[in-house]
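Visitor: Below, each chain spelled out in residue letters.
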Amino acid sequence: MSDTSSSRNQRIIDELLADAGMDGAATDDTAVLGPLLLELRSLAADSPRPSAEVQALMASSAALSRVPADGAAPAVDELAARRRRKRRMPLTALSVAAALAAGGAAAAASDGNFRQTMGNVGHAVTLFVGTMAPGHGGKTAGQPGQETGTPVPGSPAPTPATPAPAPADGGSAAGGQGATHGSGTPSPGTPRTPGLTLPGKADPRDPGTVPGTGQVPAGKQLPTAPASPDPSGLIGTPPVELPAPEVPAPSPNR
Amino acid sequence: MLDTLVDEYVHTDGTDPAVLFTLLYRKFSGAVLGYLRARGVDDPEAVTQDVFMAFYPKMDGLSGGLQGAKSLIFSIAHARMVDHYRRNERTPTLSPYESDLDGRSTASAEELALANVDGAGALLEGLSPDHQEVLALRVVADLSVEQAAEIMGRTPGAVKQLYRRALSALRDRASIGSQAHHE
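First to last, the protein sequences are chains A and B.
Counting along the first sequence from 1, when you hit position 149 you're at 149 in this note's numbering, and nothing is skipped either side.
Counting along the second sequence from 1, when you hit position 30 you're at 30 in this note's numbering, and nothing is skipped either side.
In short, the hints are calculated from the structure, not lab data.
Some hints could be false.
Said to hold, decoys possible - Straight-line alpha carbon distances no greater than 20 Å define the calculated EDC-like cross-link-like pairs of lysine to aspartate or glutamate that follow:
id	chain 1	residue 1	chain 2	residue 2
1	B	Lys160	A	Asp19
2	B	Lys160	A	Asp14
3	B	Lys160	A	Glu15
4	B	Lys160	B	Glu150
With the sequences and hints as input, model every part of the structure.
Guide: What follows is the structure in structure tokens.
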């Protein structure tokens, strides 16, 4: 340290003498003035200790050590903020998608046609499954008999009419399905209940006969109900029976 | 290292003034103290603190980088030195206590160290005030010809000529002193 400072001082003194045109190692000027100037420069060798007032204006050592790293601090903060923003992106997208799906589902569920079409689709699926699996098809065929039979104990005379609407309330197509099975779809239903189907199904089909006359089928349909106690009637109910809702209106049950 | 750091921060706007002030104090306080000693100012340590206390409020309008700060600091120091001599002219002459005439004491280590410093400061005694000033600014404060000219209120050419004459006077005085010492 002292070597470097003394060599630095010597270099500066050489420059000072050169400025005055007194350079040159052999000259007397350098030999005389060199030590004098070095002695003069030694006056500035030591720094005074700062007073209390000056010390109060100075930065702390921690602030001085932090000086070179000042530029990096905001970059770190910005990076963290960017990471937080990236983390929020999928959450925001997910919440928006969930909100849209919920809204769309509510709108669709409030539409009656949609519900009906969904029910029809369900019936079509069950029918298709029934046709593909003959064992299950037999059960579904018996359902119309069940439905017609269940209402019977409540009301003996109008039973033939009531059975159709009663299940129709729970599943509108149920009553109609029984009818279609009897007449339209012979394949699954006919082998199981040969005698029962003919009279029972013909009557509920006709809108005129259902409300007005319970006479003919009443006696014959009653036995049909106990004949098929399958609980699977709801599933097996084939599609498309609009007369079912019409029937209950005129029926005495309501 | 410190030079580069100070120069970088003097050039940068909006830096912490406390950091800049600290770096400048560490770099120039020794030179200011030496300048005040060479000019024979009373209590040079306290005046050095006053110089930096006066420099701090002027840091906002600082320009010229490290050399600009250096010029400003020594301008303040020069003004303090001038104030010191003006004040001495107004005050009556006091007869100080001369320890050399008092045979009841012996020199301590501190007195010997101060005698060495005073000896360096006494090198400029006998020179004209202008010669003392230009030597103090150029040699002790390590200022350039232009900076010394700005502080002294002269042209650079005049300062260069004054500096050359001051060195010649210092050499002549030293050679006279050495001859007297030999005799």
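Visitor: So which of those numbered hints doesn't the model satisfy?
Guide: Going through the list in order, the structure violates no hint and respects every one.
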